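Generate coordinates for the entire structure from the input sequences, incorporating the hints supplied.
Number of protein chains: 2
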Amino acid sequence: MLPLHLQNESHIPLYVQLRDQLRALVHAGDLRAGDRIPASRELAVQLGVHRTTVANAYAELESEGLIQGHVGRGTFICGTTMARQFTPLPKTNGHGNGVGGVRWEALFADERADESLSRLMPEVPDDAIGFVTARPPDDFFPVNEFRRCCNSVLSTDGKRVLQFGSTEGYEPLKRVILGLLRDEGITARSEHLLITDGCQQALDLICKAFLRPGDTVLMENPAYPGAIAIFAAARVRCIGVPVEVQAGRAEAPGLDLNALESLLAQNRVKLLLITPDFQNPTGTSLTLEQRRKLLEILARHQVPVVEDRIYARLRVRGAPLPSLKALDRNGLVISIDSFSKVAFPGLRVGWCVGPENVIERLRLVKQTTDLHTDQLAQASMAEFVRRGHMSRHLAKCKKVYARRLEALENALEKYMPEETNWTKVDGGMAVWVTLPAGFDAGELLIHVRERGVLFVPGKYFFFQNPQLNTLRLGFASLEEKKIAKGIETLGALIGSELRKKQRGARHFDSGRVALI
Amino acid sequence: MLPLHLQNESHIPLYVQLRDQLRALVHAGDLRAGDRIPASRELAVQLGVHRTTVANAYAELESEGLIQGHVGRGTFICGTTMARQFTPLPKTNGHGNGVGGVRWEALFADERADESLSRLMPEVPDDAIGFVTARPPDDFFPVNEFRRCCNSVLSTDGKRVLQFGSTEGYEPLKRVILGLLRDEGITARSEHLLITDGCQQALDLICKAFLRPGDTVLMENPAYPGAIAIFAAARVRCIGVPVEVQAGRAEAPGLDLNALESLLAQNRVKLLLITPDFQNPTGTSLTLEQRRKLLEILARHQVPVVEDRIYARLRVRGAPLPSLKALDRNGLVISIDSFSKVAFPGLRVGWCVGPENVIERLRLVKQTTDLHTDQLAQASMAEFVRRGHMSRHLAKCKKVYARRLEALENALEKYMPEETNWTKVDGGMAVWVTLPAGFDAGELLIHVRERGVLFVPGKYFFFQNPQLNTLRLGFASLEEKKIAKGIETLGALIGSELRKKQRGARHFDSGRVALI
Chain A
1 MLPLHLQNES HIPLYVQLRD QLRALVHAGD LRAGDRIPAS RELAVQLGVH RTTVANAYAE
61 LESEGLIQGH VGRGTFICGT TMARQFTPLP KTNGHGNGVG GVRWEALFAD ERADESLSRL
121 MPEVPDDAIG FVTARPPDDF FPVNEFRRCC NSVLSTDGKR VLQFGSTEGY EPLKRVILGL
181 LRDEGITARS EHLLITDGCQ QALDLICKAF LRPGDTVLME NPAYPGAIAI FAAARVRCIG
241 VPVEVQAGRA EAPGLDLNAL ESLLAQNRVK LLLITPDFQN PTGTSLTLEQ RRKLLEILAR
301 HQVPVVEDRI YARLRVRGAP LPSLKALDRN GLVISIDSFS KVAFPGLRVG WCVGPENVIE
361 RLRLVKQTTD LHTDQLAQAS MAEFVRRGHM SRHLAKCKKV YARRLEALEN ALEKYMPEET
421 NWTKVDGGMA VWVTLPAGFD AGELLIHVRE RGVLFVPGKY FFFQNPQLNT LRLGFASLEE
481 KKIAKGIETL GALIGSELRK KQRGARHFDS GRVALI
Chain B
1001 MLPLHLQNES HIPLYVQLRD QLRALVHAGD LRAGDRIPAS RELAVQLGVH RTTVANAYAE
1061 LESEGLIQGH VGRGTFICGT TMARQFTPLP KTNGHGNGVG GVRWEALFAD ERADESLSRL
1121 MPEVPDDAIG FVTARPPDDF FPVNEFRRCC NSVLSTDGKR VLQFGSTEGY EPLKRVILGL
1181 LRDEGITARS EHLLITDGCQ QALDLICKAF LRPGDTVLME NPAYPGAIAI FAAARVRCIG
1241 VPVEVQAGRA EAPGLDLNAL ESLLAQNRVK LLLITPDFQN PTGTSLTLEQ RRKLLEILAR
1301 HQVPVVEDRI YARLRVRGAP LPSLKALDRN GLVISIDSFS KVAFPGLRVG WCVGPENVIE
1361 RLRLVKQTTD LHTDQLAQAS MAEFVRRGHM SRHLAKCKKV YARRLEALEN ALEKYMPEET
1421 NWTKVDGGMA VWVTLPAGFD AGELLIHVRE RGVLFVPGKY FFFQNPQLNT LRLGFASLEE
1481 KKIAKGIETL GALIGSELRK KQRGARHFDS GRVALI
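So the sequences go chain by chain: A and B.
Quick note, in the working numbering, the first sequence goes up one by one and the last residue is 516.
Quick note, in the working numbering, the second sequence goes up one by one and the last residue is 1516.
Please note that the accuracy of each hint is not assured.
To be verified - Restricting the straight-line Cα-Cα distance to at most 16 angstroms, the calculated cross-link-like pairs of lysine to aspartate or glutamate (EDC-like) are:
| id | chain 1 | residue 1 | chain 2 | residue 2 |
| --- | --- | --- | --- | --- |
| 1 | B | Lys1270 | A | Glu105 |
| 2 | B | Lys1159 | A | Glu145 |
| 3 | A | Lys159 | B | Asp1138 |
| 4 | B | Lys1399 | B | Asp1426 |
| 5 | A | Lys159 | B | Glu1145 |
| 6 | B | Lys1159 | A | Asp138 |
| 7 | B | Lys1293 | B | Glu1261 |
| 8 | B | Lys1159 | A | Asp139 |
| 9 | A | Lys159 | B | Asp1426 |
Calculated directly from the structure, the hints in this document are not laboratory data.
Remember, it's a predicted structure, so these values are computed and weren't measured experimentally.
As structure tokens, this is what we get:
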């Protein structure tokens, strides 16, 4: 394996780091003319980066004449001497940077783009055990039922579906979602509801509508990297409210409300973003008592809250808790939700519920962002829900997830060293693990990846004070056997690292003794 | 008709203006208890605003107890005395602004939201002749062919389509689009192409990737309001390059390149946005000579250009001209395009072609904006193109549009007063009309709307120096007979207004004579 070390935290884009390190290896003679380097897809998996990152680095090295691809054989080093003689490949039309060209990099509004989301979506080789994703497994997708819904809406309402639509959303879908909201104790009218391209867009619209550079937002730390990335790009100041996960194996106390209260008192906060159910990445939920207290605190400080409901329907144990929106008596809450986790992430359909003037503003922002959400997806999902397919599919998935969660918990209990903790969750798609102090989950990943197991190091979820000894285990997409096997591998590795560290510590201790 | 006068240019939101004016009419006694007011849909058409604007005003008046809706009968004034006694309707959960509520308006990042796009999408009553839209007529949508494509992709690749996808786009669609680009003389690879949710999103991503508040962008003036709105929201400084349309009935000289050159010399310009083919709203195109000269000027000034290709495939006369991207030898051009005008606007699928590092940056921006574009729409459109349906559909539409354009030109020639000018276009969806000096197209609209004819006043397309005597006539969605009838009505009205003005001028002249 090539000695490559990319630093995600660096201000230097990953592909530039990779390009420079590969070039350095050639110049140092570690890579020589004729040496074959890994395919971009392969190297991307090894490094845990997006394939485009590697492709970009390779493209630049190729244009320098340092490497060359041969169809069907692979990519090879041309060597430095050759590189100098090498005639650069003719540029394709208009993509070069010839005479009169512009330095695009100098024009980018940000110094660096955020790649943290790509980090969460590495390509998992087929034979690996990947605890990385928090997406529904497609094995259970009722594709035929969905196809019939799609057929039906195109047959009955095809012209309307394919014609330009309204920014607020496709009316039949809005009616269906108002029904879902009613079932959750939220009496809303069409004016309180905006259809979005999933929760990610809802967050983007909220950011555009409310936040200017320098504004302050509170959110859980650790948090969903997609939210962190939006606020970072908008130069919004994010302050973390700690999520308490350390209290012991059986407890998951969730958001620290005392910390929240003092942060509200000390800062001029524009809004709070929170995931009351199965928060990503910790999996923790707020109790009913905590929800009430949270709303009471926010009302006192006159600070509104955006609640992310994306995992809320995935409760596999205990009674469902009311959303903040359902408890809201003061119009403080904007609720965002999506079909991505409960049905099909490939369709980008989500929604946003809030006071009428907020929804109207968000509608105007959405209009300039993408005019409206795809109507074929909206219409087909409306039909899918109306025919009862969604609730049946969800019920089936929840049974599967419940078994997988149980398998994960049993395996953790069985194989993890005593010094390891994890959150106790009642649904969602992930469990959060805290390794013994001194562990770096990023380093652990390098070793466990060689044994065919993947997870996401916790550091990608922190925007402040990263805890390197944390990691996220997504369980929804893995069969029980694989879960058990993966955790056995992980636990054994942690155990052996731990014994090494303890031996090291004893040696160190005896060393100290010797020195005294 | 109620004496309501909304000012689009005001910083006060339209719904607030409407609410306050209606309230004033009640307090003044012009509207009295028991009076019926128009349905929101009806009033929206009358005022040329979005239905939500009226609905918002009504909702506030209803919560004040000033008006009340009765199912099946309409909305009525309660009267001021009643209003005071009136018990406010119980608020729905969480949508009120009760004790402890927040003043959301005070939290919005902008003082006002831009409603100009809504203005371009008024609801057109069935019996009206609406020259307002620039969207394809759905009468010709090959819905069944599309439905079969949709079926096919769900049958063969359903799980992948419905699963979370990649930000760069669904691979089979990318291949299809690379083929379309090849046919236009653009040799691009997958890394040069990003799928977007239509051109509107492409503009939003470009704005996010490149522009900070205070940056300067050049664009045509008049221009597409969706672009104006994006830049306004991002606090980008837009400078207009004049589009010459006034040279006479038979000429449409397009963008003023001399003006462009001096603007580039005088300002630090970040980028130029331009529509070389059938620019919205003027319908003008750049000649091949102008395209070459434009690229030469931009290369000299090292300023990149975003070209909007959305109407380019809709040429109904003459030979197609190469895009700026096809002519680009310096990597200066980002090209944006979409299926919205040539197939189905209800599916939000567009794309963006540019240098690899630009596409990579836009990919990262898109990732935080909405993760990826809906995959059902992407897959179905790929199949629709692959099966040859798109080229057949497009050929059919172009024949229809050619007839409609000819009908429009004949009608303009026949019915318009000599003092009126319009652009000579070879495709696209609209013609731009310049009325005699002193005319206000907004006022003209009020009168012609009473005769069942609608158009878009030109002022909504200007971001600087609005020319009130201009208007846009969209022809793609109207049958020839309706076009002739609509232009006859419009021409007659302009003629009679013109005679009135001329009489007025004569009176004024004789008045002056009398005074001397």
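Hint check results:
1. B/Lys1270 / A/Glu105: Holds - the C-alpha atoms of A/Glu105 and B/Lys1270 are around 12 angstroms apart, at most 16 angstroms.
2. B/Lys1159 / A/Glu145: With Cα atoms ~12 angstroms apart, B/Lys1159 and A/Glu145 stay inside 16 angstroms; holds.
3. A/Lys159 / B/Asp1138: Given pair A/Lys159, B/Asp1138 holds - Cα atoms ~6 angstroms apart, limit 16 angstroms.
4. B/Lys1399 / B/Asp1426: 12 angstroms, holds
5. A/Lys159 / B/Glu1145: It holds: about 12 angstroms lies between the C-alpha atoms, which stays within 16 angstroms.
6. B/Lys1159 / A/Asp138: Given that 16 angstroms is the threshold and the Cα spacing comes to 6 angstroms, the pair holds.
7. B/Lys1293 / B/Glu1261: 10 angstroms, holds
8. B/Lys1159 / A/Asp139: It holds: about 8 angstroms lies between the C-alpha atoms, which stays within 16 angstroms.
9. A/Lys159 / B/Asp1426: With Cα atoms ~27 angstroms apart, A/Lys159 and B/Asp1426 exceed 16 angstroms; violated.
Hint compliance for this structure: hint 9 alone is broken.
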